[in-house]
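K.L.:
Chains Z and L, in that order, give the protein sequences.
Residue 250 is where the first sequence ends in my numbering, and the numbering goes up by one at each step.
Residue 426 is where the second sequence ends in my numbering, and the numbering goes up by one at each step.
Rather than coming from a laboratory, the hints here were simulated on the basis of the structure.
There's no promise every hint is true.
A few chain L residues that don't get close to chain Z, going by computed Cβ distances all over 12 Å [as the list claims (entries may be wrong)]: (1) Q171; (2) F198; (3) L262; (4) E287; (5) Y290; (6) I297; (7) G304; (8) A360; (9) N390; (10) Y425.
Taking lysine-lysine pairs in the DSBU-like style, the calculated list, with each CA pair at most 35 Å apart, reads [claimed, not checked]: (11) L:K359 / Z:K106; (12) L:K404 / Z:K73; (13) Z:K47 / L:K392; (14) L:K213 / Z:K121.
Don't be surprised by glycine CBs; every beta carbon is placed ideally from N, CA and C.
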Amino acid sequence: MYLIELSNYSLVVEGFGNSLKDIYFTLTKGDACAIRAATADAYIFLKALATLVGPQTGTYSYMGEVIDFSDYRNLLPFKKKIGYIGLDSAMLSNKTVRENLLLMRSYFENSLSLDIDAKTLKLCRIFNIEDKLDIRPGELRPIDLRIAIAIRELTKSFDVLLLERPEDYFGYNSFGLFNEILKDTLEHGHGFVFFCNNQNFIDAFANREVLITDGTLAKAPKLV
Amino acid sequence: MEQILGSVGRKTIKSVNHVLDLCALTYRIFTLIFKRPQTGRVIVKRVVLEQIYFTCVEALTIIIPIALLIGSILIVQFAKYAGHYDLGKTTVILIVRELGPIVTAFLVILRSATAVTIEIGYMNVLNEIEAFEMAGLDPMWIVCLPRMVGITAAVCCLFIVFDLVSIIGGYGLVWLITNIPMGNFLDQIGKAITAADIAVGIVKALCFGVIITVTSLSHGFNIKKNITEIPVGTSKAAIESIIFCLIGNIIISAIFYL
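Isolated chain Z, as found in the complex:
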């Protein structure tokens, strides 16, 4: 069974490249798929995979279940299982970083007196934002904010991780560190789709590539 299957998927978003035209895409467990495309096309493709935009025609199936995009509430259980680290990802500005990192747990465990778990705390320590947990995201440096968002997504129990331009996202200093952590975080059962212009990163993580040209999808030469 595919983790994600897009069939005859078409999407036009004004101002974003060629959008997607009648594409077929599948992602299985253990897949790590690199996207080769224009930035705007890759952005919209990742958004589509994250169910943040819905198709005009075609279907999106998650673990064999066709997602109904007519009501945003239908999408929430699927979104919960997708980690999305995009350049436009955000944290809630009226909550502290700690509250942001605990938000999902507070919501689903119905408690406000939770402590950050050891794994999240370890990542905060590694990325040197442990002392910034009690300030609001607006007060963080942009790079620290992105790191905090990445930690939030990496510690979410995701099935699929979507990543956009990690080399720009993390900056020169934290990129290598992130690569190491990502290697530890990604398990065999996870799907991973990313858009990256760094060939070393692609070589290290991708086991296949897709090429988006003029809004259509083509298989790039096999990597592994």
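Once you have looked at the hints, place chain L on chain Z.
P.N.:
Below, chain L without anything else, positioned relative to chain Z:
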């Protein structure tokens, strides 16, 4: 002529659509009250309390002086011109039935409705609503419902504070600084006021709370990706809230008093 008719028709359809959208949003928020989802209740409770604090507690320092000023001015005018025989009745009609709910609503619109529209607008523009959704959280449950409950509760509380301060405080102020004869003012108020007057005031406050919240939320959510839409949306939300509250006030008064 056809162009004018067409333009009027299009604007009418747009306005009707907008009102229907507001009704749909109200319905959706109300269904959540009855569905009572199990998850996220502590967060919802916390946001409700925060909203009550911002809208009610922080507004007390503004509404108390306003109520005192309005109450004392009205009592002076009534005492001088209406004669103290009708003083209690006139005060109840004007302050409890009409001015109390509407002045409270206007104050909440100025302070909180605009703030809610701006907050939601920013959340939309900065992808914070997306962040909620990507975490599997329902923004309607965690953002809209607490604001509706908080603002509605706040309007009700502020209405009661306004009435008490404007009548008792206004009377006290006039008694302290003027020599205007007012007879037994508080006794007259006691005789003039009925349970229906208080009930109608509370009904108005409840309706205004819902109207203000839904209008400001709707305009906040209509702001998509452009930060320059926020001031426009905020202005529209404030004006629409005032208009809808005035219309609501007329309808409720007509239902109960005609």
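K.L.:
Evaluate each hint against the coordinates.
P.N.:
Verification of the supplied hints:
no. : hint            : verdict
1   : Q171            : holds, 28 Å
2   : F198            : holds, 15 Å
3   : L262            : holds, 39 Å
4   : E287            : violated, 8 Å
5   : Y290            : violated, 7 Å
6   : I297            : violated, 9 Å
7   : G304            : violated, 3 Å
8   : A360            : holds, 45 Å
9   : N390            : holds, 15 Å
10  : Y425            : holds, 42 Å
11  : L:K359 / Z:K106 : violated, 60 Å
12  : L:K404 / Z:K73  : holds, 31 Å
13  : Z:K47 / L:K392  : holds, 24 Å
14  : L:K213 / Z:K121 : holds, 15 Å
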